[in-house]
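Position chain B against the provided structure of chain A, taking the given hints into account.
Number of protein chains: 2
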Amino acid sequence: MGVVGLDIPAEPGMPLEDIATPALIIDLDAFERNVETLRQFITANGIRHRAHAKTHKSADIARYQMEKGGACGVCCQKVSEAQALIAAGIKDVLVSNQVIDKRQIAHLAEMARDARVIVCVDDAANVDALSEAAQKFGTTIECLVEIDVGSGRCGVEWGAPTTALAGKIAQSRGLKFSGLQAYQGSAQHKHTAVERKALIDVAIDQVRQTVAMLDAEGLPCDIIGGAGSGSYELETASSIYNELQCGSYIFMDADYGRVLDGNGKPKSDFENALFILTTVMSKTKPGLAICDAGLKVQSVDSGPPVVFDREDLEFMKCSDEHGVINDPADSLALGDKLKLIPGHCDPTCNIHDYYVGVRGDVVECLWPVTARGRAY
Amino acid sequence: MGVVGLDIPAEPGMPLEDIATPALIIDLDAFERNVETLRQFITANGIRHRAHAKTHKSADIARYQMEKGGACGVCCQKVSEAQALIAAGIKDVLVSNQVIDKRQIAHLAEMARDARVIVCVDDAANVDALSEAAQKFGTTIECLVEIDVGSGRCGVEWGAPTTALAGKIAQSRGLKFSGLQAYQGSAQHKHTAVERKALIDVAIDQVRQTVAMLDAEGLPCDIIGGAGSGSYELETASSIYNELQCGSYIFMDADYGRVLDGNGKPKSDFENALFILTTVMSKTKPGLAICDAGLKVQSVDSGPPVVFDREDLEFMKCSDEHGVINDPADSLALGDKLKLIPGHCDPTCNIHDYYVGVRGDVVECLWPVTARGRAY
Chain A
118 MGVVGLDIPA EPGMPLEDIA TPALIIDLDA FERNVETLRQ FITANGIRHR AHAKTHKSAD
178 IARYQMEKGG ACGVCCQKVS EAQALIAAGI KDVLVSNQVI DKRQIAHLAE MARDARVIVC
238 VDDAANVDAL SEAAQKFGTT IECLVEIDVG SGRCGVEWGA PTTALAGKIA QSRGLKFSGL
298 QAYQGSAQHK HTAVERKALI DVAIDQVRQT VAMLDAEGLP CDIIGGAGSG SYELETASSI
358 YNELQCGSYI FMDADYGRVL DGNGKPKSDF ENALFILTTV MSKTKPGLAI CDAGLKVQSV
418 DSGPPVVFDR EDLEFMKCSD EHGVINDPAD SLALGDKLKL IPGHCDPTCN IHDYYVGVRG
478 DVVECLWPVT ARGRAY
Chain B
118 MGVVGLDIPA EPGMPLEDIA TPALIIDLDA FERNVETLRQ FITANGIRHR AHAKTHKSAD
178 IARYQMEKGG ACGVCCQKVS EAQALIAAGI KDVLVSNQVI DKRQIAHLAE MARDARVIVC
238 VDDAANVDAL SEAAQKFGTT IECLVEIDVG SGRCGVEWGA PTTALAGKIA QSRGLKFSGL
298 QAYQGSAQHK HTAVERKALI DVAIDQVRQT VAMLDAEGLP CDIIGGAGSG SYELETASSI
358 YNELQCGSYI FMDADYGRVL DGNGKPKSDF ENALFILTTV MSKTKPGLAI CDAGLKVQSV
418 DSGPPVVFDR EDLEFMKCSD EHGVINDPAD SLALGDKLKL IPGHCDPTCN IHDYYVGVRG
478 DVVECLWPVT ARGRAY
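Those protein sequence lines, which keep their order, are chains A and B.
Read in order, the letters of the first sequence are residues 118 to 493 in this note's numbering.
Read in order, the letters of the second sequence are residues 118 to 493 in this note's numbering.
Hint data in this document are derived by calculation from the structure and do not stem from the laboratory.
There's no promise every hint is true.
Because identical chains cannot be distinguished in the list, a pair is counted as satisfied if it fits within a single copy or across any two copies.
Quick list of in silico lysine-lysine cross-link-like pairs, BS3-like style, CA-CA up to 27 Å [claimed, not checked]:
hint: 1; residue 1: Lys-285; residue 2: Lys-219
hint: 2; residue 1: Lys-253; residue 2: Lys-454
hint: 3; residue 1: Lys-434; residue 2: Lys-307
hint: 4; residue 1: Lys-219; residue 2: Lys-402
Just chain A, with the same shape it has in the complex (with noise of 0.2 Å):
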């Protein structure tokens, strides 16, 4: 009968407007400029980035960012993620979060077997339970101490208690001290350039103490990681962080558009790649529009979303499967299309089965969102 079936939200070949909407689209341009753009930085600078993958789920994404951004590996923070990628063939996989739970630790273990592996810690009870799995299977998992750099969320304080547990890390049969991570998540976000700056620099102070702690005691960190999208500057002119973790900059979102540079203006390194598609699906009422992008399709955690190009349209508000967008000189009509830059892209690439990749106002690819659902 003709009719492409609604299991996938468009093919390739497909002309923009036919794509089944609300969809998560990629500008494949400004997605490639962005990944261009940090492996220029990295690349001037000598320092390692490991893509963050949480962003994204993505398999063609990760090996995007190996093959052609000069990643080394990648971050994930769940094994379920982890296994999904490994499995799609990226073979260096830091797991930048605790593993407590027996299943998960066994996985973690046996996935060593295909891949490096890293996992954080900040107990001293679960780096024996990683060595139990670890020589369980027979390999070795890599472990970075996890330092509470300010974000007051998992993590040891910085210096003696970090040292500690590096110790027993190092003398934990199947596992191996791989170094630290320091990653001030609460930074990104700030909006100010003295702001990021001031968190920042606390994390730098005292991730250089505890590494000189920990080189006096014969640990040296083959990883010092850290740094997001909104702070890897800062983390890189340190000279003491070794491997970036940036994981939006790829796709950019309306609260990172809020961040700002130096001088006040919009910090402009990465443009906004990652779109919600969306159709004015109802327009009775002078002054607004409804369209069909709701909490279903979005995370709301940072605020809605904004109207691309289009500085006379607000979205205002949404509910499940409907957005309200205020439309005040009443420009929309019935069908329209409308491109929204995400609140927050993380959980909101989370939520989607595919990203539909367009280039120019045509599909080129849908890439499924490999470790969606994959939240253990």
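Below, chain B alone, put in the same frame as chain A:
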């Protein structure tokens, strides 16, 4: 090697403790009691119930609601959702939303070969497009005119605009005018009974007058539908609505937990049956515990989750993969499991691939979220 894979979070027969977390779990006893409570209510009041599958997107749950819960059919919000449910054997589906996209309209028309298919309209040109597609496929699409009874979203005004659109449907080949969609969404979560009644009274009045006008024009309504889990008693008491559309009643959530009855007490018709099972993954700071449930397993649009049965603990905030819990007595230890009541059930279920059905402390079933990712 004996380790159950991480492609699924659990297997039937497993103890609760072994579920890979974070996972979405259903307390099957509570779920079944909720379904039975509403069945008794509709039986006693002689009103139909078209269960809203937007809440759960699950064919297993939809079948249970029809076979055991007295539901006459289901609602859903998207054509691709309807496709997934019809393919799973559900034969009476209302897409309680506008369908604008040409490809989606074609699928809607085609699906009417295999099931009773009903859709909402609020635009005359959309009626023409639906009529054309139904004629092409040789099917009948039933149409409800959506009245905006106060939600400020989709829908035409009650009275003359509604009767005009109904008349146009009745005269369109391939379509059947089947009644009214009059759902007052913004009333559902109003916390006081007085607020809810004030809003629903307005809706009832508009519906009653419009139905009288339609009757006078020889346009009887087979379906006069609306009502959610927060207001269904009011629409039922009106004697003008004849089809309820409750969804959340099967699960409840933290925001529904703040809805009060006429005496100012928490409304107690339904119980919490849906939880996020989470594990304490880091405990390095006094007064705090970090759990593994963040933004990638829940929607926080209606606020954070509530820790079930633990008034001493408060879920403070979350980032992508972490939840920060206030634990003033330091009662939690690494590896402890907690049940979280999601802030908002529908967009939380939408993120997960599976429901883990639990009876007591044993996993009984694994239900796929059949229409997951079907946002279009």
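One pair to classify: Lys-253 and Lys-454, alpha carbons no more than 27 Å apart. Within, between, both, or neither? Classified as between: cross-chain Cα gap 26 Å, same-chain 55 Å, threshold 27 Å.
Which holds for Lys-434 with Lys-307 at a C-alpha limit of 27 Å: within a copy, between copies, both or neither? Classified as both: same-chain Cα gap 24 Å, cross-chain 17 Å, threshold 27 Å.
Intra/inter-copy verdict for Lys-219 and Lys-402 if alpha-carbon distance must be at most 27 Å: between (56 Å within a copy, 23 Å between copies)
Taking 27 Å as the upper bound on the Cα-Cα distance, should Lys-285 and Lys-219 be classified as within, between, both, or neither? within (20 Å within a copy, 63 Å between copies)
When the structure is compared with the earlier hints, no violation turns up for any of them.
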